[in-house]
Amino acid sequence: MRKLLHRLKNHSRLAYFSLWFLLVFYFASFFADILAPYHFDHQFRNKPYHPPTKIHFFDSRGHFHIRPFVYNTVVDDPVFKTYREDHSKIYPLKFFVRGKERKIFFFFKTDRYLFGVDQPAGIFLFGTDNYGRDIFSRLLYGGRISLSISLIGVFISFSLGMITGGIAGYFGGIIDQTLMRLVEILMVFPSFYLMLSLRAMFPLNLSSIQVYLLIVLILSLIGWAGLARIIRGMVLSIKEEDYILAAKSLGLSHWKILLFHIFPNTFSYSITAITISVPGYIIGEAALSLLGLGIQEPYPSWGNILSSTIGNLRVLGDAPWLLLAGIFIFVVLINFNLLGDALRNVLDPKNW
Amino acid sequence: MCLTPKTGRMERMLEIKNLSVLRIERKKSVPILNDINFAVKEGEMFCLVGESGSGKTSLALSIIRLLPKSFKIAYGEILINGKNILGINERSMRNIRGKEISIIFQDPAAYLDPLFTIGTHLQESFHGKMANKKELISLALQEVGLDSEIQTVYPHQLSGGQQQRVMIAMALINKPSIIIADEPTTALDVLTTRQIISLLNAIRLKHSPAMLFITHDLELAMEIGTRIGIMYRGNIVEIFRPGVQKPYHPYSKILLGTIERKNSKLVVGVEKNKFYNEQISQVCVFFDMCDEKEENCKKIIPFIWHNNETGVRCIKSGRNTQV
Amino acid sequence: MKRLIIKRLLQLIPMLIGMSFVSFIIIQSSPGDYFAQMKMNPEISPETIESMRTSFGLDRPILVQYFLWLKNMCKLDFGVSFAYHIPVKTLIKFRLKNTICLAIFSLFMSWIIAVPLAVIAGYKEGTFFDKLLSMCAYFSISLPSFFVALLFVYFISKTNLLPIGGTRSIFEVDASTIMVFKDYMKHLLVPGLVLCLVNVGGLFRLMKNNFIETFNTPFILAAWARGVSRNSVIFKHTLRNALNPMFTILGMEIGSLLNGAALTEIICGWPGMGSLVLEAVLSHDLYLVMGSLVISGFLLVLGNLIGDILIAFFDPRIRIS
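Chains as they are written, first to last, in our numbering: chain A, 3 to 354; chain B, 57 to 379; chain C, 311 to 631.
The reader is advised that the hints may include incorrect statements.
Cross-link-like lysine-lysine pairs, in silico, DSBU-like; alpha carbons within 30 Å at most [to be verified]:
1) C:Lys403 to C:Lys492
2) C:Lys468 to A:Lys83
3) B:Lys155 to B:Lys372
4) B:Lys190 to C:Lys441
5) B:Lys372 to B:Lys355
6) B:Lys231 to C:Lys434
7) C:Lys407 to C:Lys546
8) A:Lys11 to B:Lys84
9) B:Lys83 to B:Lys139
10) B:Lys83 to C:Lys441
11) B:Lys125 to C:Lys441
12) C:Lys407 to C:Lys385
Cβ-to-Cβ under 10 Å is the rule here; a few derived chain A residues that face chain C [claimed, not checked]:
13) Val190
14) Pro281
15) Leu335
Don't read these hints as lab results, they were simulated from the structure. Even for Gly, the Cβ is constructed at its ideal location relative to N, Cα and C.
Only chain A is shown next, with the shape it has when bound in the complex:
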């Protein structure tokens, strides 16, 4: 693994950077409870569509403060949602502030957050949405959902694809034919239409945990077919290798051969395939949530943060910072693509 990292670094600095960048992203969303200044459904009722808060070093009289601070804001025009700063009092930025207790992934409790300011002022790095919720915090929490769905989805469809492709390729004959026809039929449908139709099989009003599981299920059901086909092809060629024939003549059982001799040889491909297919899952989740069929309010995901902007030009015009969710998706996607491409080159035996 270390060797792999080293080769990756030598092959492309950019891809190596991407890897670290993604790790930081995953880390940040995992520890959203500590990093986010507000809980995802903490509402500032009097501050809807608040633009990103300005962080000051100089106060209104021109005095310099070492500790950066913010001003409280008050509504200037309630119709157009413009705000002005109230210069009477400064609210310094505080680190490791104490607040309401949150649970990190159901296990650890924390009541300290990385940074924050005293009420009634608020620090909104990326502005707020229509309920006055901090977009930065919601993006962090949303990343937890969006990124975990994609990872679990990839894992499930990969296992499915591995098993089906492995069995089809290894045993061949009727089994192969049947499984591959099934795969082809699944691949005939454009995935978006299939995704929506599968979603239509279930009632619209599900609990949030049910929706989460449902999305994972739908995405992996759509994704496994393509993987199965490629793995089958690989297994077909690997099983003709001498060492597999040797293992057979030693009398190893089919399952042992498949598990210990064939699957490990698809490893380098698998790593690449996983990296390359993650973006599809992120987009899938975002698309469903964007259309209101995925993660439901108040829970945030990168898709549903964007959803309030659809078909509502005014919201988009008033609060363009909502589009930051799209930028998050884009940034994660481009890093996955860069990493995936580099991995493909590095792991390709032809390039060794």
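With the hints as your guide, set chains B and C onto chain A.
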């Protein structure tokens, strides 16, 4: 036939002087061809013999200046009808290719564009006057023993022998003064090989171009060649006339099977990667493999010419020249 | 050639049957009775419901139901939409036209842009220009279609450069065909450009790889050696050979185009299949969902078929075997 306007009839058609080619690999460069010197006269069949990886094909590609991008011609001159082609620009080079010098490759199936008919291939290769285009195309086809109707057919519909005949027709069509044949028979079966060889010989006798025949088969070279150059790891180690002289260089002798190898541990052959990873060696190229080596061999050995036509790259050649 | 196409058409049949069966299963396992919603609607007479029930054989065993449904499908009868109270066929026909226009437009645009750029980048491999284009391609493949669509909508809402939403803004009866067409194209431009932008990167990368691969083949070397002109080598030999595998991916591309198109349509308000299927899912309009699913699958199969025919047409090795 091969008149260049200024100098009149040139004696030597293809002349290579001190040619060295490197391959640039990331930061280091590895030698591919080292100090190649020879000339091919008109009507001559110069056979270049060597194992795979010895640099034969690189040499052929240098002569038409179509080496892959990672290869660099480091030093030397390539004279075609007296003109150094390494000094001219790409546009003028394109005018030389196919017209004054043409090449026949080893695997005809891979060297014909699958999407175009034989006719299109031939028409593209023709660089003469448009007026007698059709005539000359069918003439060239006739010469290689193919029917004129073959022009409407796609490459994949032909047999290997027919494909190679098409390649030869394309090479002939402009009546070039130099023809390079790069292992033209490797991809063919035995019978077709004989036919192609005799066809090439017939062409040489009829049009008397300077012919550079590249092969790994020394027996074949002994049979058809007027002169033979032996290549070993990017060097020409010996040039001799078959039938007139016996080869002298130890490597040539091994190739011919005239002597038994004393050191059976060593396998004659070039490991591609081993050679590529080496810098220009400071000893005789054949030092590691040679059974007759001595202390004197531990230096760079120059090519020692017996006359202008034959010679050997071996230090002992001065002492006992077999003629 | 003819035999090849017939063979491919015959191969389609089991595919289509399998596809329809999967669609049927998906819809069958959806919750609720088909007609529960209809019964609540006072506008639909109980007789209509009863006649539909018998025509779809809903009181018969599932397998019989499937074959009845298949029979109706072959007659292009997809049932009646619950929400619109008109046959699904009519709805889809209108929407499908728009989606196909959108798909063809963006396909055309992205090919027009990607192929020449790929040829230049492939020929000048490793130069700054090539690297710049490759980076742009990375951006393009990483941009989610819905995000680009939102950005476009945002931009348009600020500048009012182009109309957004719907297919026309001229409603006069006496408007000439050309004006209506122009108007239609104007509306098509925003979703079309969005889709083009999202697709062009992948297409570029594929084409560039094909070009470089072809450029290094022996027959190109031989073409140079024969003294063929540079333009001929690049545009006649390399480009033609590099384009061939592109036809195979045409079918696949139609699939990804439909996916991207769906979201783009919804965000840009383009009345195509994507927004139709979304509405259908939201209102649990099952026959509409099923119809859209089958039609979209059919489009993909059709795209594959067209790709196969194109490649057979352009590649003599397949055409004459």
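Each hint tested on the structure:
no.	hint	verdict
1	C:Lys403 to C:Lys492	holds (22 Å)
2	C:Lys468 to A:Lys83	holds (17 Å)
3	B:Lys155 to B:Lys372	violated (42 Å)
4	B:Lys190 to C:Lys441	violated (45 Å)
5	B:Lys372 to B:Lys355	holds (13 Å)
6	B:Lys231 to C:Lys434	violated (34 Å)
7	C:Lys407 to C:Lys546	violated (36 Å)
8	A:Lys11 to B:Lys84	holds (20 Å)
9	B:Lys83 to B:Lys139	violated (33 Å)
10	B:Lys83 to C:Lys441	holds (21 Å)
11	B:Lys125 to C:Lys441	holds (18 Å)
12	C:Lys407 to C:Lys385	holds (19 Å)
13	Val190	holds (5 Å)
14	Pro281	holds (7 Å)
15	Leu335	holds (4 Å)
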